[in-house]
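The primary structure of each chain is shown beneath.
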Amino acid sequence: MFQYMVRRLLWAFVMIVLVIAVVFAIFFVLPGGAGRREDGRASPVAVLMAGRNPRPDLVADIEHRLGLDRPIHIQFGLYLGRALKGDLGYSYQSQYDVRDAVFRRLPATMSLAFGASIVWLMIGIPLGVISALRRRSLLDRGSMLLALIGVSMPTFWLGLMAVFFFDSRLGVYNVGDYAPLTENPVQWFKALWLPWIVLAVVSAAFYTRMVRGNVLEVQGEDYIRTARAKGLKERSVIRHALRSALTPVVTMYGLDVGILLGGAIITERIFAIPGIGLLAVEAITSSDLPTILGVTVFAAFFVIAMNLLVDLVYAALDPRVRYS
Amino acid sequence: METLLEVKDLHVHFPTPDGVVKAVDGLSFSVRRRETFGIVGESGSGKSVTNLTALGLIDRKAARVSGEVLFKGRDLLSLSKEELRRVRGKELAMIFQDPFACLHPFYRVGDQIVEAILCHDNVSKRQAEQRAIDLLGAVGIPRPQDRFRDYPHQYSGGMRQRAMIAMALSHNPDLLIADEPTTALDVTVQAQILELIDRIKNEFNVGVILITHDLGVVADVAQSVMVMYAGRAVELGTRDEVFENPQHPYTWGLLESIPHIDQKGSRLIPIEGSPPSLIHVPPGCSFHPRCPHRFEPCDKEVPALVDRGSGHLDACHLSVEDKERIWNEREARRTKAVS
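If you read the protein sequences in the order shown, they are chains A and B.
Residue 1 is where the first sequence starts when you use this note's numbering, and the numbers rise one by one after that.
Residue 1 is where the second sequence starts when you use this note's numbering, and the numbers rise one by one after that.
These aren't lab readings, by the way, just hints derived from the structure by calculation.
Among the hints, a few may not be true.
Mimicking DSBU-like on lysine-lysine, the simulated pairs with C-alpha atoms at most 30 Å apart in a straight line are [said to hold, decoys possible]:
#, chain 1, residue 1, chain 2, residue 2
1, A, 233, B, 125
2, B, 90, A, 233
3, A, 233, B, 201
4, B, 72, A, 233
5, A, 233, B, 8
6, B, 8, B, 61
7, A, 233, B, 300
8, B, 264, A, 233
9, B, 90, B, 61
The shape of chain B in the complex, shown without the other chains (with noise of 0.2 Å):
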């Protein structure tokens, strides 16, 4: 499958009068066609300033940006405001994590989309509108002729997320963004959501970039996945390679802190301490003060993405039997406190 989105080593930074705000500090990755591709993080990781860059939403006068973000082989970070404009919406769509503010409130849905149609494609008005009216049905939208001249408090909170997404395809984009899309929802709309996308993604043929702090979400709906921290990529692999075999100790902290239903009793298992700020990031590796395997080199040498073999990378001090012998105990203890 072709490479669609290609990010070479991005860095974002805010100047401020408190210090220099590394919001994205040297992050590479790529997106195929038909992928669904999960960026994990906590919040303030990066992983919604890397996509919004990649957009050119982020006000380039108040961000350092550089490094490269190939799109279907152009630089989007090298082209004028007037081109970006032009393959935002049409080529590369996103959609957001709140559909009740996304919406503007004084316009009927039907009309935002509408909208969205004609600011790129030379239709009549009422061509646009019938493309509107199929787009909300083939979102699952029920009489979308009607709900075309609703308004966007007249809808459900899935419903609107359904709109954003039915605006988002008006121009079969080749790559579809969603930052944080079900984070709003109830989990049963979020299950719909999700199977929603997944759907889009085979029918009209899209990369999809999955942002989300939930890794049960990523679990199961990405086939890769990469891990955020800081501002920096410490894991990255398929899905599978990352649920099974992670390399990281954060991404250890990530798996473990997630409750088990048949772990009752048990107390919750956090990670220790809190994100670190993005203007005194830590030195070396930016984990290191949470992490209870640092040794030697942690505080001293930032750990490059290095990849283990089989595509699977990771950004750890630590050798690769170190991390096995690891993992391995962890696991024990858990299963251990589990049963």
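Same shape as in the complex, but just chain A (with noise of 0.2 Å):
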């Protein structure tokens, strides 16, 4: 168990050097030309960096500051040293250091992943398994026909209909009133149970038909069979097939959480919530690079970060993963 987990923690790190030389790639070998800067003219990087009209003494402070005057392997190795130790970069444009507007962010884009998560496993879990276990069922049949819909639909049209709705006719929501939840508890939730459920809409109808999916199959295995065979009661064999069918499950929430936590940029955008994705979108529209770097990088992180913890967890409840 500890060799794997050590094995894992390795190849996490591994992966997020990756991940930043895929994005050092992007950003600064890209954009015109390999970055470097050609001769009497500034480096195309600085220049965007330096953010809208810049100035020519800024970019060459950036290019020097950077070391973009450098060679590619050099600059690699700056920015990777930076990236490791946290340093995400500053927006020239808008004046702040990039890692201090994340964290800023970062609790109302937890607040809206986890919560939405909590809401589609309460739904998805329950009624996935009760769809499996009384198959063919009204109830079933019903959750399926409701799981499809909420898998099919697309969370911006969800999200503009919900605003629609809740907002505009019935007032009963009120978009860009979010507060964070030290601050003001009451208006932290009023903020945000209607993004949570439009969030959680479409995951809890695949975490739905996962999980029925993962029962069914599950019912059907032979130590299932044994469990019966040796006398144990109803439920008790059902909860030997839930935890086999719901171990999957940590693997998907995992995921989800980790690309959520990266943003949920339309969300975000459509009910005004100040999180990471909001901050992307801005970033985007203003084109402020570094800004848009640090919030790609950090994304990544996040991601890996819960793979990583995904994997553990997975190991813990899944005692052949450990010896292989």
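Since each chain sits alone in its own frame, please combine them into the complex, following the hints.
So, in structure tokens, the structure goes:
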């Protein structure tokens, strides 16, 4: 088990370095040539970083600070070193340290992501289990129909419809009134309940179908027949089945939350939740390269970290994984 | 020896969109204590369904079941789900074919046995654990106190089957049903497991039903044999009787198809044709399309399972004299081919 953990940690580290390398290639190498300064002209990357209407001395300063006048592999080394230390850059345009900006926005994204995930787990798992245990019943068919509808709805459409109905029409919701949990819990909840539901719908539908499929599959397994043959109460037999059927859900959950933590861009935009997703949108629309860069690396890091966590939890649940 | 199990005219039919699958179509037999009762047949002959039905592991909503299955005098088919659950694993135990899939991969082997103990007995966890360790030792697993804590994937196939047997024995059942326990294991392990089952039969004073498609296994360990075909019994008798004096063309075919070590160079002798669909069972004797000795009544009347004397039953229209003649002819032909 220990060996497994160490291996996974090392792999995660390698992944982070790779991601940083890819991000570096995209942002530093691709735009306008190799990112290297052509004779007499400033590095295109430095120009981009300087923001709108850059002053030449600012550009030169950036070039020097980030080593953009150095050979490409040195640039990468410098960038990697900075990223691993947690320095995500500085937005000259908006005048803030990117890491500070990200961490300021993180709680809102976390509230949105974890809150929605709790909703979809609370709906998806019980509904999926009951549908599987009462296969072909009215409840089963009904929930599968709902799941099909849920899975087919694009989040942006659902979000806009939700705002239209609940904000414009019914007035029970108000876009843009977010307050942090620590400041005003009531307002925090009032701002989040609708985006939670919107985000959760698609995932709940997906999880319902997946859990139902898993439980049905596991029910046919030989070890479930053994459990019955030994005379276990049906309750215990179901527990055996759920143990197998729900373990893959852990993996899925980790990945889904990991992705959301990188910013549920559309949902945050529609509901004006000041999270990382909204930060990314703002940065993109204003061509704020350092922030875009920083958010990308950060989001990737979160996905890798959740991946790692999920793998470790899975190893705790499934003993076969530990010894391979 | 007392009769433990008596199956009377068991029918298990599964209605499907394509028709009714007659998995078991009028089966009767009995099993005594300290006896190994072998049930032989091809895949789809109804051997497993019979025993799963006895244990209540067949979905009664999906199957139409009729007849009686008397276990120690009680008809299992008429028991409620809860009553049946209390019998399962306690008085009547079953082990299955694929030991690799039969143990839950996420729980330790010892814990699964402890669970089997605790679901019928109100003992402390510590006592249950000790009993589980003793059982693992009794089935020949070395260092059982260490192996108790292992997971199924850390056991070999033979060990897993032994663990399954240990689990089945946890309440000293009266009857052990072994559904192809050695099919998934290699030959040397097969011999060990069969020997274990035989030893247990005597030590624990149980009756054993051994389901297999392997005649060699039956010849080795069974005292009584029932040959099944298309959901019906076609021959039933003691092991010696059935092997030395077989009375049904299907049994003849099975015995002849066994390759012999001294049968060098000659071709294998299969039974012509293939097993029938259980939805469209051939009229009359279900074996008649494949039988080289069929005659007038075979495609019209279903042959009843008749006792020709000395408790040896068969379901064939041929007279005893005809059968003896044909069998001797076939034997002679085969011996000539071998020499």
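Hints, verified against the model:
With a C-alpha separation of about 18 Å, the suggested pairing of residue 233 of chain A with residue 125 of chain B holds against the 30 Å cut-off. Between residue 90 of chain B and residue 233 of chain A the CA atoms are separated by roughly 13 Å; this keeps the pair inside 30 Å, and the hint holds. Restraint check: the Cα-Cα separation between residue 233 of chain A and residue 201 of chain B comes to about 28 Å, which is no more than 30 Å; the hinted pair holds. For the hint linking residue 72 of chain B to residue 233 of chain A, the alpha-carbon distance of about 23 Å falls within 30 Å, and the restraint holds.
For a cut-off of 30 Å, the pair hint linking residue 233 of chain A to residue 8 of chain B stands: about 28 Å separates their Cα positions. Proximity of residue 8 of chain B to residue 61 of chain B is assessed by CA-CA distance (about 21 Å); at most 30 Å being required, the pair is judged to hold. Taking the CA atoms of residue 233 of chain A and residue 300 of chain B, the gap is about 47 Å. The hint is violated against a cut of 30 Å. Between residue 264 of chain B and residue 233 of chain A, the direct Cα distance comes to roughly 55 Å. Violation of the 30 Å bound is thereby established for this hinted pair.
About 25 Å separates the Cα atoms of residue 90 of chain B and residue 61 of chain B, which keeps this hinted pair within 30 Å; it holds.
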